[in-house]
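Each step along the sequence shown adds one to the number in the numbering used here, with nothing skipped, and position 120 is 120.
Certain hints may be false.
Pairs of lysine-lysine, DSSO-like flavour, derived with a Cα cap of 30 Å [stated by the list, open to error]:
hint, residue 1, residue 2
1, 88, 16
2, 14, 133
3, 133, 150
4, 50, 14
5, 88, 133
6, 50, 88
7, 150, 88
Restraint ranges, calculated between C-beta atoms of paired labels, are given here [to be verified]:
hint, residue 1, residue 2, range
8, 146, 256, 16 to 26 Å
9, 256, 78, 34 to 44 Å
10, 238, 71, 32 to 42 Å
11, 115, 256, 44 to 54 Å
Hints are computed from structural coordinates only; laboratory data are not their basis. These numbers come from a predicted model, not from an experiment. Beta carbons are placed, not taken as given, at the ideal position from N, Cα and C, and that holds for glycine.
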Amino acid sequence: SGQGIRMYGEQPEKSKSISEYRVQPGLCELYQFTLVQGRFFDPNRLSDRKGAILNEAAVSMLGSTPEDIVGQSLVMNEDPLEVVGVLKDFLYESAARQVEPMVITAYQDWIRVIAIRFAPGANPGEIIRSVDKTIQSFDEDYILVNRFAKDIYYGYYVGEEWLQNIMGAGSLLSMLIVLLGIWALVSHHILSRTKEIGIRKVMGGSTREMLLLIYTSTLKWSLVAALIAVPLAWLYLDSWLTDYASRIHIYWWLFVLSILIVVLFQSLITFGQTWQTARRNPVEALRYE
Numbered sequence: 001s002g003q004g005i006r007m008y009g010e011q012p013e014k015s016k017s018i019s020e021y022r023v024q025p026g027l028c029e030l031y032q033f034t035l036v037q038g039r040f041f042d043p044n045r046l047s048d049r050k051g052a053i054l055n056e057a058a059v060s061m062l063g064s065t066p067e068d069i070v071g072q073s074l075v076m077n078e079d080p081l082e083v084v085g086v087l088k089d090f091l092y093e094s095a096a097r098q099v100e101p102m103v104i105t106a107y108q109d110w111i112r113v114i115a116i117r118f119a120p121g122a123n124p125g126e127i128i129r130s131v132d133k134t135i136q137s138f139d140e141d142y143i144l145v146n147r148f149a150k151d152i153y154y155g156y157y158v159g160e161e162w163l164q165n166i167m168g169a170g171s172l173l174s175m176l177i178v179l180l181g182i183w184a185l186v187s188h189h190i191l192s193r194t195k196e197i198g199i200r201k202v203m204g205g206s207t208r209e210m211l212l213l214i215y216t217s218t219l220k221w222s223l224v225a226a227l228i229a230v231p232l233a234w235l236y237l238d239s240w241l242t243d244y245a246s247r248i249h250i251y252w253w254l255f256v257l258s259i260l261i262v263v264l265f266q267s268l269i270t271f272g273q274t275w276q277t278a279r280r281n282p283v284e285a286l287r288y289e
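Generate the whole structure from the sequences, applying the supplied hints.
Below, the structure written as C-alpha cells:
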C-alpha cells in the first residue's frame, strides 16, 4: 500500500511516497532477497515489530546511504520505525517501470497471503491440496485461491507480448513493402535507361559494366534511406527502453545487419532485372522508347 515516510526529526511536509509491504519474519529469507546492509527480521526480537527494511531506491529517495541509514529512525503515518536492513533493488512489478522505493514492515499479525517455495522435485499439486486441507480444518467455508509467481509476473508482460506480435507482423509487412518498392525503383530505373544500355552494348560495353552502372545508381537511394531511418529507429528504441529498470543495449551492428539484408535483396533484384535487360538484343533496346 502507498504510505508517506520521512526521516525522524523532519517536518511532515518532507514526507515522501513509498510502497509498504507488510510481512511476517522469514519472508525475506523465503524469497532469497539480497541484503546490502543490516539484517532480516528476527522473530525472537519483539523490537522488530517496529522495524523496517528498505530497498536501495528508498534509501536513495531519503537522501541517505545503506551504511548510514541502518539503525536510524523513520516516521511512517506518524509511527516511528527503526531501519534494520537494506535490500538490493529487485523487480517486484513490471520491468517496464523503474524500481520504486519500498519499505517492508513486520508489525501486522493477521495474514492475507501465504508464500510457499517448492523444493526441487516437489509436486506442487499435492502441496496445494495439503495446504487447502490444513486451512479447511480451521474453517470449512474458506476457499483457497492459489497463484503461481510466474503467472503473476507473466501478467505484467501481456502488453509487451502483444506489442511483440504486432511489431513482428509489422516488420514482415514493412519488409514486403520495402522489397516491392525496391523492385519498382529498379524496374523504373532500368526501363528509363534501356536505350542507354543498348547503346553501351553496341559500343562494346560488357554485361558486367551494365550491372555495375544500374547497381551503383540505385544503391545510393538505399543508403540515403538508411541514413534517415537508422537515427530515427535508434531514437525511438532508446526512448521506449528508458523506463526499463533492466534494459538491453542497442547494438550498432543490428542496424548494420538490417542495412546489409536490404542491400542483399536489392542486389539480387537489381542483378536479376539488369541481367535480363543487358542480355537482350541491342537492336531491341535501341528501338525502345
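query = Among the hints numbered above, which are violated by the structure, and what are their numbers in rising order?
reply = Hints 2, 5, 8, 9 contradicted; others consistent.
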